[in-house]
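**Q** Next come the chains, spelled out residue by residue.
Number of protein chains: 4
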Amino acid sequence: VENRDHALDVARHVRDAGARMLRGGAFKPRTSPYDFQGLGVRGLEYLAEAKRATGLPVVSEVMSPEQIEQAEPFVDVFQIGARNMFNYELLKEVGRTRRPVLLKRGFSATIQEFLSAAEYILLEGNLQVILCERGIRTFETHTRNTLDLSAVAALKALTPLPVIVDPSHGTGRAELIRPLSRAAIACGADGLLIEVHESPCEALSDGDQAITSAALREIVSDVHKIHLALGGPLSPALAQTGEPVSVS
Amino acid sequence: VENRDHALDVARHVRDAGARMLRGGAFKPRTSPYDFQGLGVRGLEYLAEAKRATGLPVVSEVMSPEQIEQAEPFVDVFQIGARNMFNYELLKEVGRTRRPVLLKRGFSATIQEFLSAAEYILLEGNLQVILCERGIRTFETHTRNTLDLSAVAALKALTPLPVIVDPSHGTGRAELIRPLSRAAIACGADGLLIEVHESPCEALSDGDQAITSAALREIVSDVHKIHLALGGPLSPALAQTGEPVSVS
Amino acid sequence: VENRDHALDVARHVRDAGARMLRGGAFKPRTSPYDFQGLGVRGLEYLAEAKRATGLPVVSEVMSPEQIEQAEPFVDVFQIGARNMFNYELLKEVGRTRRPVLLKRGFSATIQEFLSAAEYILLEGNLQVILCERGIRTFETHTRNTLDLSAVAALKALTPLPVIVDPSHGTGRAELIRPLSRAAIACGADGLLIEVHESPCEALSDGDQAITSAALREIVSDVHKIHLALGGPLSPALAQTGEPVSVS
Amino acid sequence: VENRDHALDVARHVRDAGARMLRGGAFKPRTSPYDFQGLGVRGLEYLAEAKRATGLPVVSEVMSPEQIEQAEPFVDVFQIGARNMFNYELLKEVGRTRRPVLLKRGFSATIQEFLSAAEYILLEGNLQVILCERGIRTFETHTRNTLDLSAVAALKALTPLPVIVDPSHGTGRAELIRPLSRAAIACGADGLLIEVHESPCEALSDGDQAITSAALREIVSDVHKIHLALGGPLSPALAQTGEPVSVS
Numbered sequence: 063v064e065n066r067d068h069a070l071d072v073a074r075h076v077r078d079a080g081a082r083m084l085r086g087g088a089f090k091p092r093t094s095p096y097d098f099q100g101l102g103v104r105g106l107e108y109l110a111e112a113k114r115a116t117g118l119p120v121v122s123e124v125m126s127p128e129q130i131e132q133a134e135p136f137v138d139v140f141q142i143g144a145r146n147m148f149n150y151e152l153l154k155e156v157g158r159t160r161r162p163v164l165l166k167r168g169f170s171a172t173i174q175e176f177l178s179a180a181e182y183i184l185l186e187g188n189l190q191v192i193l194c195e196r197g198i199r200t201f202e203t204h205t206r207n208t209l210d211l212s213a214v215a216a217l218k219a220l221t222p223l224p225v226i227v228d229p230s231h232g233t234g235r236a237e238l239i240r241p242l243s244r245a246a247i248a249c250g251a252d253g254l255l256i257e258v259h260e261s262p263c264e265a266l267s268d269g270d271q272a273i274t275s276a277a278l279r280e281i282v283s284d285v286h287k288i289h290l291a292l293g294g295p296l297s298p299a300l301a302q303t304g305e306p307v308s309v310s
Numbered sequence: 063v064e065n066r067d068h069a070l071d072v073a074r075h076v077r078d079a080g081a082r083m084l085r086g087g088a089f090k091p092r093t094s095p096y097d098f099q100g101l102g103v104r105g106l107e108y109l110a111e112a113k114r115a116t117g118l119p120v121v122s123e124v125m126s127p128e129q130i131e132q133a134e135p136f137v138d139v140f141q142i143g144a145r146n147m148f149n150y151e152l153l154k155e156v157g158r159t160r161r162p163v164l165l166k167r168g169f170s171a172t173i174q175e176f177l178s179a180a181e182y183i184l185l186e187g188n189l190q191v192i193l194c195e196r197g198i199r200t201f202e203t204h205t206r207n208t209l210d211l212s213a214v215a216a217l218k219a220l221t222p223l224p225v226i227v228d229p230s231h232g233t234g235r236a237e238l239i240r241p242l243s244r245a246a247i248a249c250g251a252d253g254l255l256i257e258v259h260e261s262p263c264e265a266l267s268d269g270d271q272a273i274t275s276a277a278l279r280e281i282v283s284d285v286h287k288i289h290l291a292l293g294g295p296l297s298p299a300l301a302q303t304g305e306p307v308s309v310s
Numbered sequence: 063v064e065n066r067d068h069a070l071d072v073a074r075h076v077r078d079a080g081a082r083m084l085r086g087g088a089f090k091p092r093t094s095p096y097d098f099q100g101l102g103v104r105g106l107e108y109l110a111e112a113k114r115a116t117g118l119p120v121v122s123e124v125m126s127p128e129q130i131e132q133a134e135p136f137v138d139v140f141q142i143g144a145r146n147m148f149n150y151e152l153l154k155e156v157g158r159t160r161r162p163v164l165l166k167r168g169f170s171a172t173i174q175e176f177l178s179a180a181e182y183i184l185l186e187g188n189l190q191v192i193l194c195e196r197g198i199r200t201f202e203t204h205t206r207n208t209l210d211l212s213a214v215a216a217l218k219a220l221t222p223l224p225v226i227v228d229p230s231h232g233t234g235r236a237e238l239i240r241p242l243s244r245a246a247i248a249c250g251a252d253g254l255l256i257e258v259h260e261s262p263c264e265a266l267s268d269g270d271q272a273i274t275s276a277a278l279r280e281i282v283s284d285v286h287k288i289h290l291a292l293g294g295p296l297s298p299a300l301a302q303t304g305e306p307v308s309v310s
Numbered sequence: 063v064e065n066r067d068h069a070l071d072v073a074r075h076v077r078d079a080g081a082r083m084l085r086g087g088a089f090k091p092r093t094s095p096y097d098f099q100g101l102g103v104r105g106l107e108y109l110a111e112a113k114r115a116t117g118l119p120v121v122s123e124v125m126s127p128e129q130i131e132q133a134e135p136f137v138d139v140f141q142i143g144a145r146n147m148f149n150y151e152l153l154k155e156v157g158r159t160r161r162p163v164l165l166k167r168g169f170s171a172t173i174q175e176f177l178s179a180a181e182y183i184l185l186e187g188n189l190q191v192i193l194c195e196r197g198i199r200t201f202e203t204h205t206r207n208t209l210d211l212s213a214v215a216a217l218k219a220l221t222p223l224p225v226i227v228d229p230s231h232g233t234g235r236a237e238l239i240r241p242l243s244r245a246a247i248a249c250g251a252d253g254l255l256i257e258v259h260e261s262p263c264e265a266l267s268d269g270d271q272a273i274t275s276a277a278l279r280e281i282v283s284d285v286h287k288i289h290l291a292l293g294g295p296l297s298p299a300l301a302q303t304g305e306p307v308s309v310s
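Protein chains in written order, with the working numbering: chain R, 63 to 310; chain S, 63 to 310; chain W, 63 to 310; chain E, 63 to 310.
A hint or two may mislead.
Quick list of simulated restraints, FRET-style, between CB atoms [claimed, not checked]:
hint : chain 1 : residue 1 : chain 2 : residue 2 : range
1    : R       : 260       : W       : 294       : 57 to 67 Å
2    : W       : 294       : R       : 274       : 56 to 66 Å
3    : E       : 237       : R       : 286       : 47 to 57 Å
4    : R       : 78        : E       : 237       : 49 to 59 Å
Some chain W residues close to chain S (C-beta under 10 Å, calculated; not the full set) [stated by the list, open to error]:
hint : residue
5    : 139
6    : 170
7    : 199
8    : 200
9    : 201
10   : 202
11   : 203
Treat the hints as calculated values from the structure; they're not laboratory data.
Ideal Cβ placement from N, Cα and C applies to all residues, glycine included.
Using the sequences and the hints, build the whole thing.
**A** Shown next, in the form of structure tokens:
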């Protein structure tokens, strides 16, 4: 979320393109303390407004107990980012809420550690956990991360939790998002998390990996074609909340 | 290739399941010098016999100029394995033949290094190079390697060479081969390289990652469904030789 | 910290072996929520008692604002573990205290990200940050992690902050701790963080990588010999607080 | 080796600085076929001349049976580079010679695979194998590779073969070569392999990681100090041929 108009604008575009949820960052974990850190509560208000305008449920990242409290009135799904997958105290905190949690895999978390992190949430009584594969760190530099689709298939075999894929962070390259979105769905992912920006070149962060809502529309169409060809998503849980094809 | 009857048997099964090529190892690069090293020329003869019986062209790995000479009368496509992707002298040697070369990505080769290795072959005048993504080394231990499907999409954008995927070595787990095969095709791979063994538990090597020809048949069916849904493979070159869905 | 007697016992042994600080885990971040999670405040009390008995300052890990508050009366140095290196909210919290912070490198944090994490603490006004290299994740499985001593030399060139090394987690193998301790000091590390347990086989966690205080004594002797041969540690800041050769 | 005068010049400088062997590349494995590929046999002649002028034994890389034959009259030690560590046919070929072999670890070879590669040489009857750690591939980009000194200590415990370290390729940064050389010797390495160039900025390849012979002299002095402080190298075999502190 960069400003109010932008948030509303993108929300309408992604809804029209077929998205079922809206992800927007109000609190942004940035590697450098000198980078844009998000709009905070004001960003949450813009997201809530976008939700009213479009009907799309809202996902947003939280990084501390205070942020959970601040975000609770505005968001439908809490996101735990890759940097905090090993932050067990935070996992327990969101486990004590009754909101669905979108848990992203850590930069170098094994599949087993990813499942154990989910368990920290589940053990607090919150059973609505959505796992999100977002790429792991390897020696390869052509892509920002190495999207690990084997992990998606492995997770689908190991847990009944829904598993979604973030090809935007996973590849870091706009031109790879469509083919990897197709691949993710074809190997069983229950949804996609995609960064959309109408003018990627002007984005305040992650512009290289954003696509337009027109491109999103084509991906949504691909997803439907693959579902028709191979059968739909396997997670009834997620089918209820819809695929979180979304936007930051 | 473990013995004559086995080679013929598997060849017939995979042809019936829809495979268009037969890969069999006569010279096998094994990490330990004490492990089964393949049947050598005898293995090549069995492969040639399997080719006569089924009509399937034969792919087999070579690791030295001597093996190229020995294999030339028997095989249709030379495979350069992951261990030899950086063996530039060998790349030049197969570049001087006029047989297609199936070049597997090194364990930790970058996409750029993979393309440069292909260039060593192309520069000798042999333009029939098929690139094969077979997984890279990462910290993850649940899978044998991390199959890098972003590399497939990236390569399709960077080069007109056909790109295939080996989900057997890429995942090292039989239960992940079908979903990753679907994903590979969905993100643009021109073919698959799959290990088939009718009794995986009794295989002399790589049994954990082999599937039966019945399972292969289902994958071939998936491939056709995805092609119908999303459009066929993009490489006319490979369309001529067929998808090397194969067997070792 | 496993119990009171054990804590006192180890503290006396490591002091006699030449340690200058005592690290003990009261709040333990464990991958699985079902594993031993540490003794909490009771563990802190045992550590404080061990400090009174030996005069050794105490280092202990904190994972949340609550734990910072609970630990403050008992500990001299807050440790931020590898799992929380990207937990920017926690970094800011310890940055607001006036206790030294021992910041461990994340499992797959780049040198640049490690420095940026330190900056989150420094920017809050707390300038007493000690960086700790503790191994990164790679494909190698013989060692638990790959200790990155190049990072130590690089950090010494990039920042005036003291840099210490944890060869216990870094290698995960008791027999490698002495040679890697020597190497760490030889390339410029300002101190070592070593797990000591008098009966490693009976440890509740990390027994494989613990050494006895007798072995620690030999390492302390090596450190002095290397300092004599090559010149002492470069960080005056750390020279004041002593080398945190320690124990969990 | 770039030209005759340069080879002679560097050889004299490194001998005076304390080197006991001279490594020079005549056949150079370059990632791109368009890069400088070495001077070939002419380079070997320059090396032989440098040997006559300085008395230093010569190490040079070979990449094929043909190159072994061509190099045999000129070189004292065959080097197998990281790219060819998995080239088992080449390993067997050098195993059939009676020259010492300097075997470099593959970019992503495990310690176990490294030892198995050595075994391919030993099994042919050539027992003079020197293992060389030269850095592995990881996500870290500050250094060219991640020098794995744990592997050095592990290898010293697993095999009686001498183990040396190449901090030039291992770090890829001139300023890190001295501290990592110290660390390598302190954790038990039997020798060092260091790139020297009197004008690093004008080097045809790898200039970023070369140091001058004056800097080499300081490292040789460090090595002696560490040996005095901690005891000398452990490998009698290598003590006979001297530490291959060398030059390309």
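**Q** Compare the structure with each hint and give your call.
**A** Taking the hints in turn, this is what the structure says about them:
no.	hint	result
1	R:260 <-> W:294: 57 to 67 Å	59 Å, holds
2	W:294 <-> R:274: 56 to 66 Å	59 Å, holds
3	E:237 <-> R:286: 47 to 57 Å	55 Å, holds
4	R:78 <-> E:237: 49 to 59 Å	55 Å, holds
5	139	29 Å, violated
6	170	8 Å, holds
7	199	4 Å, holds
8	200	6 Å, holds
9	201	4 Å, holds
10	202	9 Å, holds
11	203	7 Å, holds
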